[in-house]
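Q: Sequence:
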Amino acid sequence: MEKVTLKVKQGILSVEDIIIDSDAEHVYVLFAVFNTNAEVEWSVGFAAADDMDRVYISVTDKIIEEAVLTEALPLLLNALEIKTIHSDSPEELTSYKNAIKRKIEKMDE
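Number 653 in our numbering belongs to position 47 of the sequence shown; there are no gaps in the numbering.
Calculated from the structure, these hints are not laboratory results.
From the three backbone atoms N, C-alpha and C, an ideal C-beta is built for every residue, glycine too.
Just so you know, not all the hints are guaranteed correct.
Stated by the list, open to error - Derived EDC-like pairs: lysine to aspartate or glutamate, alpha-carbon spacing no greater than 20 Å straight-line:
| # | residue 1 | residue 2 |
| --- | --- | --- |
| 1 | 712 | 677 |
| 2 | 707 | 645 |
| 3 | 707 | 659 |
| 4 | 703 | 667 |
| 5 | 712 | 647 |
| 6 | 709 | 629 |
| 7 | 709 | 672 |
| 8 | 709 | 622 |
| 9 | 668 | 715 |
| 10 | 668 | 627 |
| 11 | 703 | 647 |
| 12 | 703 | 714 |
| 13 | 703 | 687 |
| 14 | 613 | 659 |
| 15 | 712 | 645 |
| 16 | 668 | 647 |
| 17 | 707 | 677 |
| 18 | 709 | 687 |
| 19 | 703 | 672 |
| 20 | 703 | 622 |
| 21 | 709 | 667 |
| 22 | 709 | 657 |
| 23 | 668 | 698 |
As the list claims (entries may be wrong) - Now the in silico label distances, taken between C-beta atoms and shown as ranges:
| # | residue 1 | residue 2 | range |
| --- | --- | --- | --- |
| 24 | 645 | 680 | 13 to 23 Å |
| 25 | 667 | 697 | 31 to 41 Å |
| 26 | 629 | 713 | 26 to 36 Å |
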């Protein structure tokens, strides 16, 4: 994994520029959005590594999706820990952290 960028915008978290070892030709993004039931919905997208516009297409391959989640979730959790310290809205970020921890626990089962 190389460069990773955390963005929080209008309730959408994204971890961008995820590069996985098995596919160096593409760059991946992980989006996390809370639904009305206070659950996190995950989506993974990809773009060609040389695409500077980063127009992401949804990933449908479950193996690739799991690889991206495995790489991105710990980094996302760490970035949220740091961001919460300097945040105007730590409650929102704390809810994201808790949801991500639950996802990691499910993946470990």
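Q: Going straight from one Cα to the other, do residue 709 and residue 667 come out at no more than 20 Å?
A: Holds - the C-alpha atoms of residue 667 and residue 709 are around 19 Å apart, at most 20 Å.
Q: Given the hint that residue 712 pairs with residue 645, does the C-alpha gap stay at or below 20 Å?
A: 14 Å, holds
Q: Within 20 Å, alpha carbon to alpha carbon, are residue 703 and residue 672?
A: Distance ~19 Å between residue 703 and residue 672 Cα, so the pair holds.
Q: Given the hinted pair residue 712 and residue 647, is their alpha-carbon gap at most 20 Å?
A: Holds. Residue 712 to residue 647 sits at ~14 Å (cutoff 20 Å).
Q: CA of residue 703 to CA of residue 714, is that 20 Å or under?
A: Holds, at roughly 17 Å.
Q: Taking 20 Å as the top limit, are the C-alpha atoms of residue 707 and residue 645 close enough?
A: 12 Å, holds
Q: Straight-line Cα separation of residue 712 and residue 677 no greater than 20 Å?
A: The given pair, whose Cα atoms are some 15 Å apart, holds under the 20 Å limit.
Q: Can the restraint linking residue 707 and residue 659 be considered satisfied, given a maximum Cα separation of 20 Å?
A: 31 Å, violated
Q: Sort out whether residue 622 lies within 20 Å of residue 703, counting only the CA atoms.
A: Holds. Residue 703 to residue 622 sits at ~17 Å (cutoff 20 Å).
Q: For the pair we were handed, residue 668 and residue 627, check the Cα-Cα distance against 20 Å.
A: Holds, at roughly 16 Å.
Q: Has the given pair, residue 703 with residue 667, been kept, meaning a C-alpha gap of at most 20 Å?
A: At roughly 26 Å apart (the allowed maximum being 20 Å), residue 667 and residue 703 break the hint.
Q: For the pair supplied as a hint, residue 668 and residue 647, confirm whether the alpha-carbon distance does not exceed 20 Å.
A: 15 Å, holds
In this structure, the hints that do not hold are numbers 3, 4, 6, 22, 23, 26, in rising order.
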